[in-house]
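Visitor: The primary structure of each chain is shown beneath.
Number of protein chains: 2
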Amino acid sequence: MQPFTSAFGIVARRYGGLKGFYSAPFLRSNTLLFSRSFLRHFALISTPSAAAMSTVSPPDVTIASINPKHLQEDLNANSDFFPFDEILYCNSGNPHSLGQPPVTFFREVLALCSHPSILNRDETHVLFSFTEVAVRSKQILSQWMRVWWRQMMLLFLKQFEDAMARAGEILDLFPARATGAYSNGQGTEGLCEAIASGIASRDGFPCNVDDILLTDGASSAVRMMMQLLIMSEKDGIMCPFPLCPLYSASIALQGGFLVPYYLDETSGWSIDIPELRKQLEDAQSQGITVKALVVINPGNPTGQVLTEENQRRIVEFCKEKSLVILADEVYQDNIYAEDKKFNSFKKISRSMGYCGKDLSLVSFHSVLKGFYGECGKRGGFMEITGFSADAIAQCRKLAIVNYCCPNISGQILASLIMNPPKSGDKSYESFFVE
Amino acid sequence: MQPFTSAFGIVARRYGGLKGFYSAPFLRSNTLLFSRSFLRHFALISTPSAAAMSTVSPPDVTIASINPKHLQEDLNANSDFFPFDEILYCNSGNPHSLGQPPVTFFREVLALCSHPSILNRDETHVLFSFTEVAVRSKQILSQWMRVWWRQMMLLFLKQFEDAMARAGEILDLFPARATGAYSNGQGTEGLCEAIASGIASRDGFPCNVDDILLTDGASSAVRMMMQLLIMSEKDGIMCPFPLCPLYSASIALQGGFLVPYYLDETSGWSIDIPELRKQLEDAQSQGITVKALVVINPGNPTGQVLTEENQRRIVEFCKEKSLVILADEVYQDNIYAEDKKFNSFKKISRSMGYCGKDLSLVSFHSVLKGFYGECGKRGGFMEITGFSADAIAQCRKLAIVNYCCPNISGQILASLIMNPPKSGDKSYESFFVE
Numbered sequence: 001m002q003p004f005t006s007a008f009g010i011v012a013r014r015y016g017g018l019k020g021f022y023s024a025p026f027l028r029s030n031t032l033l034f035s036r037s038f039l040r041h042f043a044l045i046s047t048p049s050a051a052a053m054s055t056v057s058p059p060d061v062t063i064a065s066i067n068p069k070h071l072q073e074d075l076n077a078n079s080d081f082f083p084f085d086e087i088l089y090c091n092s093g094n095p096h097s098l099g100q101p102p103v104t105f106f107r108e109v110l111a112l113c114s115h116p117s118i119l120n121r122d123e124t125h126v127l128f129s130f131t132e133v134a135v136r137s138k139q140i141l142s143q144w145m146r147v148w149w150r151q152m153m154l155l156f157l158k159q160f161e162d163a164m165a166r167a168g169e170i171l172d173l174f175p176a177r178a179t180g181a182y183s184n185g186q187g188t189e190g191l192c193e194a195i196a197s198g199i200a201s202r203d204g205f206p207c208n209v210d211d212i213l214l215t216d217g218a219s220s221a222v223r224m225m226m227q228l229l230i231m232s233e234k235d236g237i238m239c240p241f242p243l244c245p246l247y248s249a250s251i252a253l254q255g256g257f258l259v260p261y262y263l264d265e266t267s268g269w270s271i272d273i274p275e276l277r278k279q280l281e282d283a284q285s286q287g288i289t290v291k292a293l294v295v296i297n298p299g300n301p302t303g304q305v306l307t308e309e310n311q312r313r314i315v316e317f318c319k320e321k322s323l324v325i326l327a328d329e330v331y332q333d334n335i336y337a338e339d340k341k342f343n344s345f346k347k348i349s350r351s352m353g354y355c356g357k358d359l360s361l362v363s364f365h366s367v368l369k370g371f372y373g374e375c376g377k378r379g380g381f382m383e384i385t386g387f388s389a390d391a392i393a394q395c396r397k398l399a400i401v402n403y404c405c406p407n408i409s410g411q412i413l414a415s416l417i418m419n420p421p422k423s424g425d426k427s428y429e430s431f432f433v434e
Numbered sequence: 001m002q003p004f005t006s007a008f009g010i011v012a013r014r015y016g017g018l019k020g021f022y023s024a025p026f027l028r029s030n031t032l033l034f035s036r037s038f039l040r041h042f043a044l045i046s047t048p049s050a051a052a053m054s055t056v057s058p059p060d061v062t063i064a065s066i067n068p069k070h071l072q073e074d075l076n077a078n079s080d081f082f083p084f085d086e087i088l089y090c091n092s093g094n095p096h097s098l099g100q101p102p103v104t105f106f107r108e109v110l111a112l113c114s115h116p117s118i119l120n121r122d123e124t125h126v127l128f129s130f131t132e133v134a135v136r137s138k139q140i141l142s143q144w145m146r147v148w149w150r151q152m153m154l155l156f157l158k159q160f161e162d163a164m165a166r167a168g169e170i171l172d173l174f175p176a177r178a179t180g181a182y183s184n185g186q187g188t189e190g191l192c193e194a195i196a197s198g199i200a201s202r203d204g205f206p207c208n209v210d211d212i213l214l215t216d217g218a219s220s221a222v223r224m225m226m227q228l229l230i231m232s233e234k235d236g237i238m239c240p241f242p243l244c245p246l247y248s249a250s251i252a253l254q255g256g257f258l259v260p261y262y263l264d265e266t267s268g269w270s271i272d273i274p275e276l277r278k279q280l281e282d283a284q285s286q287g288i289t290v291k292a293l294v295v296i297n298p299g300n301p302t303g304q305v306l307t308e309e310n311q312r313r314i315v316e317f318c319k320e321k322s323l324v325i326l327a328d329e330v331y332q333d334n335i336y337a338e339d340k341k342f343n344s345f346k347k348i349s350r351s352m353g354y355c356g357k358d359l360s361l362v363s364f365h366s367v368l369k370g371f372y373g374e375c376g377k378r379g380g381f382m383e384i385t386g387f388s389a390d391a392i393a394q395c396r397k398l399a400i401v402n403y404c405c406p407n408i409s410g411q412i413l414a415s416l417i418m419n420p421p422k423s424g425d426k427s428y429e430s431f432f433v434e
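Line order of the protein sequences matches chains A and B. In terms of my numbering, the first sequence has 38 at position 38, counting the first letter as 1, and numbering is strictly consecutive. In terms of my numbering, the second sequence has 227 at position 227, counting the first letter as 1, and numbering is strictly consecutive.
Hint data in this document are derived by calculation from the structure and do not stem from the laboratory. Since we're looking at a predicted model, the values are computed, not measured.
Chain A stretches covered by chain B per the calculated footprint, using a threshold of three residues with CB under 8 Å from any CB of chain B:
1. 102-110
2. 176-185
3. 209-219
4. 376-382
5. 401-409
Distance ranges between label pairs, derived from CB positions:
6. N208/B - E265/A: 44 to 52 Å
7. K234/B - E233/A: 12 to 20 Å
8. G204/B - V433/A: 47 to 55 Å
Built from N, CA and C at the ideal position, the CB exists for glycine as well.
Build out the structure end to end from the sequences listed, making use of the hints.
Guide: Quick look at the structure:
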């Protein structure tokens, strides 16, 4: 479990060990991150309907209480007031900001694709060949220096050759090898194919390349889906609480209605079907047309990994109620518990016998999360199944209007996370260690 | 003048020379790109109101007639039917797709920022130092090879050192040098400062860093402005015809009203103030609240460069009618006529004595256009002046909801186009030649 994926996730610690954690909205209470009042609080700020459900007055949220810089000032001024001495930023949704280095292989490929002429430059090749010549020459290097040099260069070249090969393959997917040109709105065809192949290999079920739509990160994809699904303030989207603010913001922006459902803390933040049914019926009784259910697995901010049985019941519920499943699966590579395993909703639904035509399912993935955490690179994709050809066409048109084409560096990274170095590849060892 | 900046720009040629050009919507007519019927046609497909103004029935637009792939098939099947033998794609808005290589300095910096550890790697430094040692050693290289090698390496290193220095400066702007982390929604602070400084140096008037908002290309910025300005179908935006489809699409997406105004072909596609006045009054008489005027300078797709006098009159008109000026200035570096010069609307309005408070002006710029043409990198920015602090705050909030933060590679490129190598820099010579 990874409890700090919330955008607001900060932890306050006393030197020498963790003494307790604080969620930003509750800076002055001793409440744990996912307390009941936290849930009520989020419900309150997210939608009027949720607010109406809450009967307990939540603590005030102001710039002063929500901004960690203010907390730092308060801490400096009144250190005795707080049960900790230091604020530790630990937002696992933005790991590079905390000093986590990027994955070398990914960045090597990206650097080579950013400046493809390196691959073809005479001097680069001469440099490498020359190094070999020099290493073999007794005239310039002492024995120890030759050994050291050879080892270092071999290690460097071994990894780098792999990155060069991959970069070459990727560049060949672009007309004129031009990563500076527009791709089509769906994303570069060959990269979509690489992603489809990665999904098929992950799930053990086929993936159609036409179902892939590359985006500038998952947030861009989620916003686009909300644009497509929400026509009026009577259109509702079910979202899990504790809530990832991307969803409340995207629904609010489109003028839709957020229908909350509450995760069950006592059973490891699982999704309780009677709770889904109750919230759906409540919303319908208010005249809301519920169109889709957002399910975040692994959870954000709760960090749970849903069981297969729970996932199957969710699929059945959505099928019964004709809801689109919006499966936020961006943390699929962040599984830390040995007895847990990620299963995509696509895999679960296919294993239940549903094919693409009888269940509308969108799976979101992103280069921003996972161990790679490339938040600044804005790469991601959706796999859209069970939509009509017309709906898919509208979706692609919307992508073009929204952003012409997703940024190419993000597209390349998206293809890499779905096809990382494999056992036996020259770069696998260092990739695995990282 | 550059007539083919339209997204639809294709040209059909007979071997041995240009025989005529075709615009995609008129594949089967012999109409020139910017004929009157072309204008009517675009008016018709853009807004119902414009359609109502048109009395001539336009040619049918179908997938078969608008898609150059279909044209190619038709051409293959019925070559005698067409007055040309070959379709030549010449969209100057996407030059890398036509084989134009990227600017080396930009891509070197980008590659180094994509994989910053290259800057610090022992082996990189050793490699370079070692090269020098080897060059000095008579034992390994023949005389001619040493001379050639030295020349080549010096050239390479001279340029590359400059790129390494710039990459180092840029990386220092990021906490933990992490280009993989989120920046804030406005864009990385130091890059905004670099852009503000570039604008100030271009215009000769100060630029406030808080007025800069980095975006994923200009299309993303335009869409965001439309989101902010359009509240209902009665809100109108004035747009020049011939039209860049980004505007019609963005206005349609927000459910606003496109108010067309027609450029005057006889005076080099200038903007005629009586025409602006007429179209504004027509729209107002239909109950439309006209909020802003889009002006594209240099023109897209018309390629004209507005005269200073014309720009001053446009500023006066917008001031008088309280219209926001949305100045699309993405082609500011594409001036090919010797007697033409680009002047930003910011510079013109400041030289007229308007300060930031008395005129609402948004200037769009992008790494996608210009001689750099980095369409796939999705970098751009807006300079927003004359908006209230509340409006700016809403704008920033919208940016975060729309895309969290603009992609970092695009941000870096945006800072580079506003601060390219200068005369005297080691990389200037090769940059200038390119």
